[in-house]
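Colleague: The chain contents come next:
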Amino acid sequence: MTSGMTPIVKNTARLVSGFIAIFGIYVALTGHISPGGGFAGGVILAAAAVLIVLAFGRQTAEKMITESGCHLYDAAGAAGFLLVAVFGYLAGGFFVNFLARHGVGTAGRFWSGGTIILSNLFILVKVAAGLAGAFLALAAFRRAHMPDGHPGEES
Amino acid sequence: MASIVPLMVGLPLGVAFAVVAMAHAKPLKRLTGLVAVLAVLLNFAIALALLGADVPRIFLGGWGPDPARTLGIEVLCDGLTKMMAVTINAVALVSLLFAGAYMRRFTKVWLFQALFLLMTGAMNGVVLAGDLFNLFVFLEIAAIASYALVAFGCESEELEAAFRYLVLGTIGSAFILLGVTVLYSVTGQLNMAAVAGKLAAIGPGPAVLLAAAALIGGLALKAAMVPFHAWLPDAHPSAPAPISAMLSGVLIKASGVYAIARLIFNVFGPTPQYAAILIVLGAASMVIGMLMAMGQWDLKRLLAYSSISQAGYIILAFGVAAEVLSRATPDRAVAGLCLFGGLFHLLNHAAFKSLLFLASGSIEQQVGTRQLKEMGGLTRRMKVTAFCCRIGALSIAGVPPFNGFFSKLIILLGLAMAQQYVLCAIAAAVAVGTLLMYVRVQRYVLEGPPGDRVARAGEAPALMCLALVVLTIVCIAAGLAIVPLREHLLGPARDVLLNATNALSMGAMP
Amino acid sequence: MGIAIYVLAFSVLLVGLYAVVAKKNVIKVIVGVLILDYAVNLVLVLVGYRTGGQAPILENGQSGAELAARAVDPLPQAMVLTSIVIGLGLTAMMVAMAIRLYEKYGTFDMNRIRSLRG
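Protein chains in written order, with my numbering: chain A, 1 to 155; chain B, 1001 to 1510; chain C, 2001 to 2118.
Watch out, some of these pointers could steer you wrong.
Stated by the list, open to error - Taking lysine-lysine and the BS3-like style, the derived pairs with C-alpha atoms no more than 30 Å apart in a straight line are:
id : chain 1 : residue 1 : chain 2 : residue 2
1  : C       : K2104     : B       : K1373
2  : A       : K10       : A       : K63
3  : C       : K2104     : C       : K2024
4  : A       : K63       : B       : K1026
5  : A       : K63       : B       : K1383
6  : B       : K1108     : B       : K1026
7  : B       : K1383     : B       : K1373
8  : A       : K63       : B       : K1373
9  : C       : K2104     : C       : K2023
10 : C       : K2104     : C       : K2028
11 : B       : K1108     : B       : K1029
12 : B       : K1108     : C       : K2023
Please keep in mind that the hints were generated in silico from the structure rather than gathered at the bench.
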């Protein structure tokens, strides 16, 4: 079975997935001034990865997006988020916004809100890696493993 | 001291992801178990250290209790929280030690440790949560981790049990969220103390009753009360033994019984209707759990049904206490006695049910079977496991001087003093039934001529025996040391529930 | 309009509950659980709605008090976001379990996936 889809789909995916990824990162980083935020941006970034896997087939995509890489980014995103929370101890307590104490930025501009940008960034990394990893793990089930039986009864 | 309380949630979560990262770096892969045990040990140490400290109300992020800015997420740390935190972390530590030796037959043990740490951190989060939505989120995290852990072995039985558990658990969670939604729409607040204040001002009405019904329904499903118990007899036996111990010992308590107690006593306030619901749920669970356990020949299934019965004891005690508190002239001493009995039984059940499940895991690994008829004569082949199993069975059956006897006695006394003589008779009958059931378990498992499988079995590995011995010591000590336990651990917890809706705002308000 | 929309959301919840209880195909049970979850999310968003309101984003030159008077409630929106993420995790796990159930039993029929009894 040839891996992936026709060359038209492959070329389009190659051109478009970069823009999808950048759009996802934009939605995540401007989460404090417009709708979106870490989770929505992470899902869009993961959608770019899923597009690559669908267009090129799982074997080819595995060379770029490995499952252990997804696990590592997942753990790094979560660790970063907890680090931001722990650094709040410098300014008083758990999860205190230690960057907003010095009057950084005005409301409505990009550089405002303190640690919210950092939190959004780490959530972006975690959600994108988590969703891409989950998709890769589910895509690993091949038809060859299924026993000979009727696929699903009607109900 | 107050500022490190949120670390009790953050530490297991962070270490869970550190374990995932370490497992992908070759030289660190063998250390993941050690790191996990250290994290839970540190959590347990913090929980013990908090017992003596008087902690004011903590608001995360510094968004303090100033009435003009009640925006913060509150972290509770009163007597009930401290007692539950000590219980959860102790059982988690012992189960993780046991799992160090038991899980060697599985691959990807690092995945098990990461999920276990997630579940422990989330359960700590449930008891530390001070507002309704945080409670729901941590309930969900603990539940999702437990679904994955029940299906860990990926055999056909485990997958089927985990799928049924997942579907029923999600229905329960949806109803909990529905209850939180209706409460938010009625009061406009999510913080538990603020909701309690607003509900006292608004008074009962159809919306509040709908919220209470949805919340009690969803939480009763998490606590495996009859008639919402259908998932437990499949899920608990199919899980690996340390997970069965955690699920039966603490998860149904922390996510089900604790949440019901916190919401009914501290947020809604005890009224006759809620007390009646709790009494019916508790009594039905007690009786039906015991009846169904009597007919079981699979050891772990018997223990799972017995969990339903014992959790029914706790809910019955809480229900009668709520009924006493909601009378025109509430008798605080009698209600306090019922609450003390229920909380003590919660602690004891965590100890001896975990002990029994871990012992059954030890037996399953060494002998290779879970059927009562194929065991026998264990005292001669596996001395340590058999001794600990006997102590556990005697404790749950309510034989003096072990802890089960005292907690059941206090519950019966409380029921009698509250003039609920019918319930007292039912509880006494169920206690006698439990005694008979566990005498039968002992006869088949421990006494008698050794079956052929038992004759070839050896003693369990040292780490598993260590975990069993620790829990046995807890069972014996909790029976002998009631007075220090009452002063430091259970007394403050009982006072929190006794103060009903005033308890949450009684922190140190600046 | 007030009560009718809540009745509609509750009927979606009942449809989801019916699908979980009455259907025998594993995939249909999963879809039922999803519908149930999203119906509760819908009720949660509806609680925060204000007729003719504005999205809770501070516009240029608007003061905080004006926003508080005109905007819909942002707190249920944050709660629903968390709830959707939880639903996503549950969906991934349910689908993975359904695939593995098919590998073990060879069928998606819940009546045949019943090796546990009693």
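Colleague: So which of the earlier hints does this model not fit?
Modeller: 5, 8 and 12
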